[in-house]
Amino acid sequence: DIQMTQSPSTLSASVGDRVTITCRASQSINIWLAWYQQKPGRAPKFLIYKASTLETGVPSRFSGHGTGTDFTLTISSLQPDDFATYYCQQYHTYPYTFGQGTKLEIK
Amino acid sequence: QVQLVQSGAELKKPGASVKISCKASGFIFSNYGIHWVRQAPGQRLEWMGWINSGNGETKYSQKFQGRVTISRDTSAYTAFMEVHGLSSADTSVFYCARGSYPYFYGLDVWGQGTTVTVSS
Chain U
1 DIQMTQSPST LSASVGDRVT ITCRASQSIN IWLAWYQQKP GRAPKFLIYK
51 ASTLETGVPS RFSGHGTGTD FTLTISSLQP DDFATYYCQQ YHTYPYTFGQ
101 GTKLEIK
Chain E
1 QVQLVQSGAE LKKPGASVKI SCKASGFIFS NYGIHWVRQA PGQRLEWMGW
51 INSGNGETKY SQKFQGRVTI SRDTSAYTAF MEVHGLSSAD TSVFYCARGS
101 YPYFYGLDVW GQGTTVTVSS
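These protein sequences, in sequence, are chains U and E. Just so we're aligned, residue 1 is where the first sequence starts under the working numbering, counting upward by one. Just so we're aligned, residue 1 is where the second sequence starts under the working numbering, counting upward by one.
These are computed hints drawn from the structure, not numbers from a lab. Worth double-checking, as some hints may not be accurate.
Output of the computed footprint for chain U on chain E, the stretches with three or more beta carbons under 8 Å from beta carbons of chain U [as the list claims (entries may be wrong)]:
| no. | segment |
| --- | --- |
| 1 | 12-19 |
| 2 | 66-72 |
| 3 | 93-106 |
| 4 | 111-120 |
Keep in mind that this is a model prediction, so the values were computed, not measured. We put the CB at the ideal spot given by N, CA and C, even for glycine.
Start from the sequences and build out the full structure, keeping to the hints where you can.
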């Protein structure tokens, strides 16, 4: 299975900050990567696909980059609604594995 | 609106089976796949498998092959996932989610989750 590793596991930041979360695949996955946001007790929300394409309705402060094994999710100016856990998912090879998550906390 | 609605929470004993339903509305069911993802308490999301709602073909994570059965009833716009031989390690929230095919881009619509607790 392709292992997905996110860093950091926890990130403390303030409203208005710019933050970046990293996701690394254990082998090349081209651009076949998605990002999700999950809040406690809720289902994940789809944010980005093909590494950098924003899902319809996702605010433009979110952006994704990367190809191969190294990917990033950046939030340009944190809003109160953005404090959540973020997961990457590769869909290059079955099984479609997820990263362990990055919890974005209020500083 | 486009949504997936899952069946309610379940409490099961070790060794039992559980079958969860996922009812779709607001889109053409047979044009999409339904994926199943589980999340144990405090753990990462774990992809289990999916069904092509059009032709019924399934693909499972090898971890769950033989213990999980995914099916669908196209007339009822409903997908199902059955897990056999439950253990306490299966205590999780199970989600169904919509994925496009033949080209998968991500899981764009999710059910609300079904909590399955396995305890003697």
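How the hints compare with the structure:
1. For a cut-off of 8 Å, the count of residues in the segment 12-19 of chain E with a CB near a CB of chain U stands at 0, and the three-residue condition is violated.
2. Counting residues of the segment 66-72 of chain E whose beta carbon lies closer than 8 Å to any beta carbon of chain U gives 0, which falls below the threshold of three, so the coverage claim is violated.
3. Counting residues of the segment 93-106 of chain E whose CB lies closer than 8 Å to any CB of chain U gives 5, so the stated coverage by that chain holds, three being the minimum.
4. Look at the segment 111-120 of chain E against chain U: 3 of its residues bring a Cβ nearer than 8 Å to a Cβ of that chain, three or more, so the hint holds.
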